[in-house]
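Since the structure of chain V is already known, use the hints to place chain B on it.
So the protein lines, in turn, are chains V and B.
Take the first sequence: its position 104, counted from the start at 1, is 104 in our numbering, and no numbers get skipped.
Take the second sequence: its position 87, counted from the start at 1, is 87 in our numbering, and no numbers get skipped.
No wet-lab data here; the hints were simulated from the structure.
Just to be clear, a hint being listed does not mean it is correct.
List time: in silico SDA-like cross-link candidates among lysine to any residue, alpha-carbon distance up to 25 Å [said to hold, decoys possible]:
no.	chain 1	residue 1	chain 2	residue 2
1	V	385	V	300
2	B	53	B	36
3	B	91	V	300
4	V	397	V	378
5	V	131	V	209
6	V	142	V	110
7	V	397	V	180
8	B	53	V	326
9	B	53	B	32
10	V	292	B	99
11	V	142	V	209
12	V	173	V	12
13	V	259	B	118
14	V	259	B	52
15	B	53	V	404
16	V	132	V	119
17	B	91	V	317
18	B	53	V	283
19	B	173	B	152
20	V	259	V	317
21	V	259	B	36
22	V	292	B	48
23	V	259	B	152
24	V	397	B	119
25	B	91	V	283
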Amino acid sequence: MSQSHHHPVNTDSYYIPDAIWDRGRNVLGAMFLLGWGAALAGYGQNHDQFFQSYLVAFFFAFSIAIGATLFTMIQHLTGSAWSVPVRRIMENIMMSLPVLGLLFIPVALGLHSLYEWSHPEFVAKEVMELKKGVYTNFLNPKMFYIRAVAYFLIWSFWAWKLYSNSKSQDTTKALGPTFANEKWSAPGMLLFFLSGSLASFDWVMSLNPHWYSTMFGVYCLAGGAWGFFALLTFIFLRFRANGIMVNSVTTEHYHDLGKWMFALTVFWAYIAFSQYMLIWYANMPEETIFFKMRRTGSWEAMSGVLLFGHFIFTFLLLLARNSKRTLNVLRFATLWILAMHYTDVYWLVMPNFHKAGIAFSWVDLATLSAVMSTVGLAFWMRLRKAPLAPIGDPRFKKGLEFQNV
Amino acid sequence: MADKTTIHGMVGDFDSPDQLMDAIRAARKAGYTKLEAYTPFPIHGIDDAMSAKPSILGYVVVCCGAVGLTIAILLQWWTGAVAYPLVISGKPMFAFEFAIPIIFELTVLLSAFGAVFGMFALNGLPKLHHPLFNYSGAEGITDDRFVLVIEAGDHQFDAAGTREFLLAQGAAKTELIEE
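So here's chain V without its partners, still in its complex pose (with noise of 0.2 Å):
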């Protein structure tokens, strides 16, 4: 129905051209080097602000993977066309899972340094007898390294399949992984929501062994896409400028990453406020402790960065219909949501080490490097080897000319 002659000739070739290959893995390999060579030497100064610095980096990077795995998944289930032209970049997001497995280790080893709870004397001295159950039957290294296994395991099959039946198509144009993909996501959904969450609870919620909140694992994805959205805009803004797929993103699929980003500010703000006011409403001190660490010194001011940060000058800043189709201020929201994202991570796993208040340490940076590089570069690789786009979807001419009404 659309019209040919009203829009731009598409000659977008769908391959990374290899000057601006070379020039990016250049960056990401520099900052490899620095950024492993100065956490190398961060834990050779300190183990234990490494380990921390590096759950940090660890959590911010795995949570965006994997609400680029959800949302993938509800791109196939919904059937959706406009998502199409950026499908394949959210799954080569989605496909830094296995590197995370590997990224992983470092946590791994960290174990006693990070969770009190690894530590028998501390469930022998510290927890009631009551539930003492929950110790020897769930949280305990053992159990802790067995879920982390299958988590990594069944996270990276699910990629993997999701990714090539994708993949296959750019040469076939067959119809039939198109419905291989949503037949996966299906369930997909289900298992990457229980186990995200149960991924959650073991490696942040339980820094604070005694608290729990079931709503942390929502709270964490929920986080996680709205950072995945951010970083998703911001590769296709910087595609552009490198002139990139320029006729295949256009403003008008700008705008749907830009509402996703806004709605993604809301439901953010929508659990974590459920999850405080819960809190705050019981008045118990077993739970509230979460929220006093929180409001303990310089940690206050971060509990307002994030209200007015993360949630208020967001949402005031993606409101309008104009904001999210100009895409200066959408190159200037994904940078400032990978910030608030990176903030909201921190807010949720140093004040159980740092307990008078903010303690930043370049470390923080070190093993941010080191991590996003390691899962950038594995990005790179991949870029490479496919067309930028999944060229094969039976939705893909669809998807290009896409309007919003």
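Same frame as chain V, now just chain B:
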């Protein structure tokens, strides 16, 4: 009805959305400003072609939302802390912690009212009659016809000339319709 009938405008009935879009562009180019298009389904880009102004509905919704937010705060603060203070499970007379769900609800409710009733108002709904019903082929617009009406209020409107213009754009049929 009135003794003296007034003319609403000239209908141009087209076979395809493409023809309609071309006719709209040509009409804009020829200097016509009071145009309305009627189609069986939304056509992408038609707003731009018609140079339609973006709707002000968004601003209506934001204002209604802000009113809802304010009412919710005042309502809970005044009833809870001023008019009838009552201590409930040791909580403060007023606090944002417990007030936010109601603030949220009222903001959403009034925003939704603003969106629905604002849309009604901006579209002039409910409307019992529309001049287009006087067009003999009006049923076709719910099926496979694409209609452009150049209204009589247009300063360039002149029945013979406008008919000529629409036929030149490929209209399969033209008709002068009354108010």
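Structure versus earlier hints, numbers of those that do not hold, lowest first: 1, 4, 17, 18, 21, 22, 23 and 24
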